[in-house]
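**Student:** Just so you know, the sequences run in chain order A and B. Residue numbering for the first sequence follows the numbering used here, beginning at 1 and increasing consecutively. Residue numbering for the second sequence follows the numbering used here, beginning at 335 and increasing consecutively.
Simulated from the structure, these hints should not be mistaken for laboratory data. Heads up, a few of these hints could be off.
[Said to hold, decoys possible] In silico DSSO-like pairs for lysine-lysine, Cα to Cα no more than 27 angstroms straight-line: (1) Lys-238(A) - Lys-272(A); (2) Lys-104(A) - Lys-94(A); (3) Lys-451(B) - Lys-74(A); (4) Lys-113(A) - Lys-521(B); (5) Lys-499(B) - Lys-130(A); (6) Lys-503(B) - Lys-59(A); (7) Lys-104(A) - Lys-130(A); (8) Lys-104(A) - Lys-503(B); (9) Lys-521(B) - Lys-104(A); (10) Lys-325(A) - Lys-249(A); (11) Lys-94(A) - Lys-499(B); (12) Lys-249(A) - Lys-266(A); (13) Lys-521(B) - Lys-94(A); (14) Lys-503(B) - Lys-94(A); (15) Lys-74(A) - Lys-499(B); (16) Lys-441(B) - Lys-451(B); (17) Lys-599(B) - Lys-130(A); (18) Lys-130(A) - Lys-521(B); (19) Lys-441(B) - Lys-74(A); (20) Lys-130(A) - Lys-451(B); (21) Lys-112(A) - Lys-521(B).
[As the list claims (entries may be wrong)] Covered, in the sense of this in silico footprint (three residues per stretch, anywhere, with C-beta under 8 angstroms from a C-beta of chain A), are these stretches of chain B: (22) 505–511; (23) 516–527.
Backbone N, C-alpha and C define an ideal beta-carbon position, used for all residues, glycine too.
Next come the chains, spelled out residue by residue.
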Amino acid sequence: MGRIVLEDVTKSFGESQVIPPLNLTIEDGEFAVFVGPSGCGKSTLLRLIAGLEDTTSGKIVIDNEDATQVPPSKRGLAMVFQSYALYPHMSVRKNIAFPLRMAKMSQSEIDKKVEGAAKILNLADYLEQKPGQLSGGQRQRVAIGRAIVREPAAFLFDEPLSNLDAALRVGMRLEISELHNRLSTTMIYVTHDQVEAMTMADKIVVLRAGNIEQVGSPLDLYHTPRNIFVAGFIGSPKMNIISGPEADKLGATSVGFRPEHTDVSKTEGMWKGRVGVAEHLGSDTFIHVHDTGLADMITVRITGDIAVTHGDDIYLTPQLDKLHKFDADGLRMA
Amino acid sequence: MAIVATTTKFSVYGRPVLAWIVGLLFFFPIFWLVLTSFKTDADAVKPEFLFFFTPTLDNYLNMTENYDYWRFATNSVITSVFATIFALAVGIPSAYAMAFNPSRATKDVLMWMLSTKMLPAAAVLYPMTFLTKSLGLFDTHFMVIVVLMLINLPIVIWMLFTYFKEIPKDIIEAGQMDGVNTWGEVKEILIPLAWGGIASTALLCFIFCWNEAYWTVRLTTTEAATLSKLIEGNRAPEGLFFGRLSAVSAAAVGPIVVLGWFCQKQLVQGLTFGAVK
Numbered sequence: 001m002g003r004i005v006l007e008d009v010t011k012s013f014g015e016s017q018v019i020p021p022l023n024l025t026i027e028d029g030e031f032a033v034f035v036g037p038s039g040c041g042k043s044t045l046l047r048l049i050a051g052l053e054d055t056t057s058g059k060i061v062i063d064n065e066d067a068t069q070v071p072p073s074k075r076g077l078a079m080v081f082q083s084y085a086l087y088p089h090m091s092v093r094k095n096i097a098f099p100l101r102m103a104k105m106s107q108s109e110i111d112k113k114v115e116g117a118a119k120i121l122n123l124a125d126y127l128e129q130k131p132g133q134l135s136g137g138q139r140q141r142v143a144i145g146r147a148i149v150r151e152p153a154a155f156l157f158d159e160p161l162s163n164l165d166a167a168l169r170v171g172m173r174l175e176i177s178e179l180h181n182r183l184s185t186t187m188i189y190v191t192h193d194q195v196e197a198m199t200m201a202d203k204i205v206v207l208r209a210g211n212i213e214q215v216g217s218p219l220d221l222y223h224t225p226r227n228i229f230v231a232g233f234i235g236s237p238k239m240n241i242i243s244g245p246e247a248d249k250l251g252a253t254s255v256g257f258r259p260e261h262t263d264v265s266k267t268e269g270m271w272k273g274r275v276g277v278a279e280h281l282g283s284d285t286f287i288h289v290h291d292t293g294l295a296d297m298i299t300v301r302i303t304g305d306i307a308v309t310h311g312d313d314i315y316l317t318p319q320l321d322k323l324h325k326f327d328a329d330g331l332r333m334a
Numbered sequence: 335m336a337i338v339a340t341t342t343k344f345s346v347y348g349r350p351v352l353a354w355i356v357g358l359l360f361f362f363p364i365f366w367l368v369l370t371s372f373k374t375d376a377d378a379v380k381p382e383f384l385f386f387f388t389p390t391l392d393n394y395l396n397m398t399e400n401y402d403y404w405r406f407a408t409n410s411v412i413t414s415v416f417a418t419i420f421a422l423a424v425g426i427p428s429a430y431a432m433a434f435n436p437s438r439a440t441k442d443v444l445m446w447m448l449s450t451k452m453l454p455a456a457a458v459l460y461p462m463t464f465l466t467k468s469l470g471l472f473d474t475h476f477m478v479i480v481v482l483m484l485i486n487l488p489i490v491i492w493m494l495f496t497y498f499k500e501i502p503k504d505i506i507e508a509g510q511m512d513g514v515n516t517w518g519e520v521k522e523i524l525i526p527l528a529w530g531g532i533a534s535t536a537l538l539c540f541i542f543c544w545n546e547a548y549w550t551v552r553l554t555t556t557e558a559a560t561l562s563k564l565i566e567g568n569r570a571p572e573g574l575f576f577g578r579l580s581a582v583s584a585a586a587v588g589p590i591v592v593l594g595w596f597c598q599k600q601l602v603q604g605l606t607f608g609a610v611k
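The shape of chain A in the complex, shown without the other chains:
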């Protein structure tokens, strides 16, 4: 079981409040991702759940028990750190066995669990090595192994992939998702990378300055962002947001349209602009358009290839049924 409830949780460091009163429920077995720009309080929130930081006020309930005053060692949660935080003086085997040894489990049981975890994570050949002899990806696997052997109520991941190179990151992302499917244990995952959030989460929690901007499934957030911040944060490339007379014409203070929901023509369309950079990826083309009079730059994404180069004139037409309209406060209009 791993249902985690935050009730009016706040956190202040000295005078500055980094988490204003916050309420959140993470259901048992859910893969929740905290996402937001750096400094938004997502890591602090994770550390509050872990117990590595004390709450200033409010309540943290884990499995229907008030855990607010419970030390991290007694919360039954496992954490994977960005820096891996392996014990450099212990072999891989001892690293993975450490939480079990601390739980005073019998040696035969420890051996069985360590071997099991090593098999799942492809670490069997490295058990006697020290963390210093491993690559980044292998170290991250050891950190995950150390977390899974305990069968915790929930896993906490603090930007676990940001120290890995791009290719490895995609691989590890899949492995963690598979792990979640296999274990069905609650996972809370902190990242600033919205692609990780979109691909892994059951539930995304978008944070800004300690406030929850929106909670929902990845596609909820994609299709119906509650405000301009979420609209701009979720989706890659970013949603185009325009305001001014053109937005007024469409009936809102600000209007957002996604790069992939924009039609392009070389001859006619709603808005005329000039091609700045065209990124040809083969499967897709990203075109950055200037001089539209709408915003500094409008990005469009076209499936397949289109023969445009820098300086070409181009016409853009947003798909009107996929517009996102926001009022003067930046909130989504119904």
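Given the coordinates of chain A, assemble chain B onto it according to the supplied hints.
**Tutor:** Quick look at chain B alone, frame taken from chain A:
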């Protein structure tokens, strides 16, 4: 301007020569001490026997016979070892707390500890003597151990603090998440990781305790007297007996020189305060 690595004549010949000169300069007093310890008191003051003399073991033999060298040496070992153990027992938890759970006052506390080392020992001589005598602790091992521990505690805590600071906090936090209590953190993670630093600190503390003279000379007479006291006692009222004094001194510094020789690496690490990883 580009920095070009050059092999100058100085770096090939000059540096080793300079290093030897400095080395010999530092070694000379020890050498002189040992040399003099094999001379008779009469020979020791005669310039004609500077390097060429008939060596004698009398000074050493007399020492064990007349002064009970072994009792002083035992006292030195006991007081230094226990003072070091207690200093670490207090220092490790203190440094741990300040390194991993610093508060706003941590820096001030550290500075205050260091500032106690700036107080001239003579300033507290009277209160200390008065206190030890009125508590009935004058000339006891206990008192010497407490005093040696206290005067070395600031440096011990500072050194340990510096070493502990180098351990990433994540690793300690990982330990907490893995279910260890505070004692477990210290025993399973902190001490194994900072072992080199703790050893250097202990070694340096031991040497400082062994060499300490101001308090050991003043707070002891016979029972808890250390080798420093033995040397001081040989500043004989009957006049200066250089041969004898040298033998006593050589026997007093001998163990620590040998210890230092074997632990050179740790010592250098300790003295540079972990500045170089």
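**Student:** With reference to the structure, classify each hint as holding or not holding.
**Tutor:** Cross-check of the supplied hints:
{"no.": "1", "hint": "Lys-238(A) - Lys-272(A)", "result": "holds, 20 angstroms"}
{"no.": "2", "hint": "Lys-104(A) - Lys-94(A)", "result": "holds, 14 angstroms"}
{"no.": "3", "hint": "Lys-451(B) - Lys-74(A)", "result": "violated, 42 angstroms"}
{"no.": "4", "hint": "Lys-113(A) - Lys-521(B)", "result": "holds, 24 angstroms"}
{"no.": "5", "hint": "Lys-499(B) - Lys-130(A)", "result": "holds, 22 angstroms"}
{"no.": "6", "hint": "Lys-503(B) - Lys-59(A)", "result": "holds, 26 angstroms"}
{"no.": "7", "hint": "Lys-104(A) - Lys-130(A)", "result": "holds, 23 angstroms"}
{"no.": "8", "hint": "Lys-104(A) - Lys-503(B)", "result": "holds, 25 angstroms"}
{"no.": "9", "hint": "Lys-521(B) - Lys-104(A)", "result": "holds, 16 angstroms"}
{"no.": "10", "hint": "Lys-325(A) - Lys-249(A)", "result": "holds, 12 angstroms"}
{"no.": "11", "hint": "Lys-94(A) - Lys-499(B)", "result": "holds, 24 angstroms"}
{"no.": "12", "hint": "Lys-249(A) - Lys-266(A)", "result": "holds, 23 angstroms"}
{"no.": "13", "hint": "Lys-521(B) - Lys-94(A)", "result": "holds, 15 angstroms"}
{"no.": "14", "hint": "Lys-503(B) - Lys-94(A)", "result": "holds, 20 angstroms"}
{"no.": "15", "hint": "Lys-74(A) - Lys-499(B)", "result": "holds, 26 angstroms"}
{"no.": "16", "hint": "Lys-441(B) - Lys-451(B)", "result": "holds, 16 angstroms"}
{"no.": "17", "hint": "Lys-599(B) - Lys-130(A)", "result": "holds, 24 angstroms"}
{"no.": "18", "hint": "Lys-130(A) - Lys-521(B)", "result": "holds, 19 angstroms"}
{"no.": "19", "hint": "Lys-441(B) - Lys-74(A)", "result": "violated, 31 angstroms"}
{"no.": "20", "hint": "Lys-130(A) - Lys-451(B)", "result": "violated, 41 angstroms"}
{"no.": "21", "hint": "Lys-112(A) - Lys-521(B)", "result": "holds, 26 angstroms"}
{"no.": "22", "hint": "505–511", "result": "holds (count 6)"}
{"no.": "23", "hint": "516–527", "result": "holds (count 5)"}
In terms of the numbered hints stated before, the structure departs from hints 3, 19, 20, listed from lowest to highest.
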